[in-house]
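Visitor: Input sequences plus hints: build the corresponding full structure.
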Amino acid sequence: MNHYEQIRQLDEKIAELPAGYISEKMIHGKKRHYRQWREKGKIKSQYLREEDVEEVRRQITERKHLEQQRKELKMRFPEQLAEYKTHVVTGEELAQMVAGTRNMARRDCFYRIPQYLHGSVRTRVLVVYGLRRTGKTTMLFQAIAEMEEEDFSKAAYVKLRTTDTMRDITDDLDKLHRAGYRYVFLDEVTLMADFIDSAALFSDIYTMMGMKIVLSGTDSLGFWLAENNELYDRSRMIHTTFIPYREYSRLLGIDSIDEYIRYGGTLRMGETDFDDKELKEEGIAFRDDESTRRYIDTAICKNIQHSLACFEYGKYFGHLYELYEAGELTGAINRIIEDMNHRFVLSVLTRDFTSSDLGITARNLRNERDPEKRTDALYEIDREAVTKRLMEILEIRNREEQSVGLTQSHVAQIKKYLEALDLIVTCPLEYGTTGIEPEEKVFFTQPGMRYCQAQALVRALMKDEYFASLAETEKDRISQRLLEEVRGRMLEDIVLLETSKALGENYKVFQLRFETGEYDMVIRNKKNDTCAVYEIKHSDKLVREQARHLRNPEMLRLTSPRFGKLVGRFVLYLGEGQNMEDGIAYRNAEWFLKSLPEITLEIGLEMSDLEQEEQEEEHELEQGPTFSM
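Residue 409 in the working numbering sits at position 414 of the sequence shown; the count goes up by one each step and never skips.
To be clear, the hints were calculated from the coordinates, so they are not data collected in a lab.
Calculated cross-link-like contacts (lysine-lysine; reagent style DSS-like; alpha-carbon spacing at most 30 Å):
(1) K436 <-> K521
(2) K436 <-> K560
(3) K411 <-> K37
(4) K521 <-> K503
(5) K458 <-> K25
(6) K8 <-> K37
(7) K411 <-> K310
(8) K66 <-> K170
(9) K170 <-> K149
(10) K80 <-> K149
(11) K59 <-> K297
(12) K436 <-> K410
(13) K503 <-> K411
(14) K560 <-> K496
(15) K522 <-> K560
(16) K297 <-> K25
(17) K411 <-> K436
(18) K503 <-> K410
(19) K297 <-> K410
(20) K458 <-> K26
(21) K536 <-> K589
(22) K59 <-> K26
(23) K8 <-> K59
(24) K20 <-> K297
(25) K59 <-> K20
(26) K37 <-> K59
(27) K436 <-> K496
Computed spacing ranges between beta-carbons, pair by pair:
(28) L196 <-> K310: 12 to 22 Å
(29) E78 <-> N223: 32 to 42 Å
(30) P109 <-> E7: 20 to 30 Å
(31) H60 <-> T468: 41 to 51 Å
(32) Y16 <-> K536: 54 to 64 Å
(33) K536 <-> E510: 27 to 37 Å
(34) K20 <-> D199: 47 to 57 Å
(35) E414 <-> S251: 23 to 33 Å
(36) Q64 <-> S251: 31 to 41 Å
(37) G86 <-> S115: 23 to 33 Å
We put the beta carbon where it would ideally sit given N, CA and C, even for glycine.
Guide: If you want it as structure tokens, here you go:
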């Protein structure tokens, strides 16, 4: 590994670790711990929960150690291109840096980079942005690696730092242009404090001079702010945050929807090898509560705060400025994300017992053939007490520890920015009864983050007074059943979200709810005025009860007049595809997700098992090497 790559990796690790030091204060007679650091000439402060103090202290120490390593490395290898003010890499050093990505599989959106580089468009920059570990830098390296020799000789890669300024990079761009460079990749450009307010310089000056400028960075809210201001009508955008199952499976070579539910959301080779001791030290996202919180802090909270602080002197903080000044914005963002994920779990637990899948779980546990596995535990839950306990863990900080209360205005603004980051997406929920206005259902695009926080909530559930008296084996069995229900609901959301995103504007994808039940998904072909209805089940067993809503005559009667001719009734599950005598078709959910966006109502209706096998074989042949960060 050359020293440029070593420095790059050190920069990435340093960026994920907290800066500053830990101080102690006495508040209301109690000792409180705070992390304090300097930012833009001001001392910032963040409250630390008692159980987090030692871990944060370890992270601060690790950051200082890595910073020293970087300093020593820079001293050993002074920049060969000392005339540049920023970290500019070209020629042989650049070839070495990108060589390892040449044979990696490409993300679905990758083709847009060479399309821009070699296309005729001028006056616009290309922006590649998204949360951490979603493949941005790898995509830039792949685009450089596949360049023809003549174009490669005119390519430069720049890794920006927090100490760099727009004046520094524009000076370097002037030098690069005079030297004949025409393709410039500016990575982590949002780290520059004055980027957002000056972003138009790249399109208004340098693209007009014949340069192709590719911008990238993890502070994706900064790009969103710039797109709506300085970069308005001056950029093409590639957003990498959302990684659907079909892409995750192809890139990482993982063909299990449960693996995607548990760990999906980021791209990291070896992410699921949780027995590897070395990997445990690398901060893999969504491994446990700690790693999930660290990812949220670095990839989301820091993203939002840095972007807002750097844009037009912080005026877009709005209602959030008082939280930011008090050092409480990170806690507030964490709290809202946890709240959304925990409420999702609560919705699973509190659905109508007699008709919900949880009710089925309760009955199954009561009627187990094996007497040792038989229990009435789920019928004995003190729902009020459990809900109260679960709500308590939503609180990142007790009210007495908050100098600024969290209002609905705070919540609304944070959710707006989470939507801008593509962390949350809305899909419609329709009602079969006329006169009821459709609602919007919020979906979470990071399944691993949601599942990890769901696990924490189920563990809290086991601390309920009733469960505490049970044997550990029985508590484990109940926990597993409850998490199975969570995975089932998450599968429903994943299918609905990915189908909605994959199909074009000629289709409408939504849930449809009636007084007697609901369709987990309806796909309407607006052009042909046809529709298909779906039930989604996290099971590999074909059970007649799974399709009960698809046979409900009243629900079927109310569907067609509003949403078009009914051309298909499907159960998406984890078993093999089959067609039933009553016209209901069972299809494998993993196959369905991998077939998007090509799948249509008609294909889904008519596909035989042989056709399915042929498509799966074709998919396997097309799979390239796995993806790595």
